[in-house]
Amino acid sequence: MADGLFTFEALADPTRRTILDELAEKSGQTLFEICSRLSMKHRLGSSRQAVSQHLAVLEAAGLVETRRECRYKFHDLNTAPLRHITERWLDRGAPGPEESTP
Amino acid sequence: MKIHLTSVFVDDQAKALRFYTEVLGFVKKYDVPVGETDRWLTVVSPENPGGTELLLEPAGHPAVKPYRDALAADGIPVAQFAVDDVRAEYERLSGLGVRFTQEPVDMGPVTTAVFDDTCGNLIQIATQPQE
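Residue numbers (this note's numbering), protein chains in the order written: chain D, 1 to 102; chain F, 1001 to 1131.
Since the hints were made in silico from the structure, they are not lab data. Treat the hints with caution; some may be incorrect.
[Claimed, not checked] In silico DSSO-like links for lysine-lysine, alpha-carbon gap of 30 Å or less: (1) D:K26 x D:K41; (2) F:K1065 x F:K1028; (3) F:K1029 x F:K1002; (4) F:K1015 x D:K73; (5) D:K73 x F:K1065; (6) F:K1015 x F:K1029.
The structure presented is a predicted model; accordingly, all values stated were derived computationally and were not measured.
For reference, chain D alone in the conformation it holds in the complex (with noise of 0.2 Å):
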């Protein structure tokens, strides 16, 4: 994970990435409340099942953590793993090309 393999795998999938869209507009979801958004305000049809894997894996990537409060379990979202991809590339301190005056 040092590398961000899992990070990029992880955000290779469009479903995935939806997922994370949805959890950074409303942390802390059920899987029902994360099913319900993909199917309704995006409709993607995916599976409970498949939703649970693709939570699966976003969480071996630390992306997602899960908590239990109570009976439920709740998905919240983690970007630090996403913060470590930009300070590898892109807090260096060199200026980037967006800088310089055209």
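Starting from the known structure of chain D, fit chain F onto it as the hints suggest.
Here is chain F on its own, set in the frame of chain D:
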């Protein structure tokens, strides 16, 4: 054919009756003793007393707990009730201490929210688009 009655399992019928009437606002329709402790206990909507009854059924069967625990862990509701305004109902019920596992979300044309009925179930409320 039409749906006349549906049921939810409840941990405690007396407690469930209080929640479904005093908090949610349904009215009791039938309350008939069955056996030593159980009751045939149904509630209906005050807006439609002759409509579908909801049976508050004792949760004693051994299959009920694993079934409901698995649903609750994934946030899956066992029933859906229609309300005029999910957000207003969310505010009202939250004010009464009801716990929501899903706050109101616009799901395309439908707005939904999910709360804990304190008797072992998650219930979804939904506002359908105006026809």
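Going through the hints against the structure:
no. : hint              : result
1   : D:K26 x D:K41     : holds (14 Å)
2   : F:K1065 x F:K1028 : holds (25 Å)
3   : F:K1029 x F:K1002 : holds (19 Å)
4   : F:K1015 x D:K73   : holds (25 Å)
5   : D:K73 x F:K1065   : holds (17 Å)
6   : F:K1015 x F:K1029 : holds (16 Å)
Violated hints: none; the structure is consistent with every hint.
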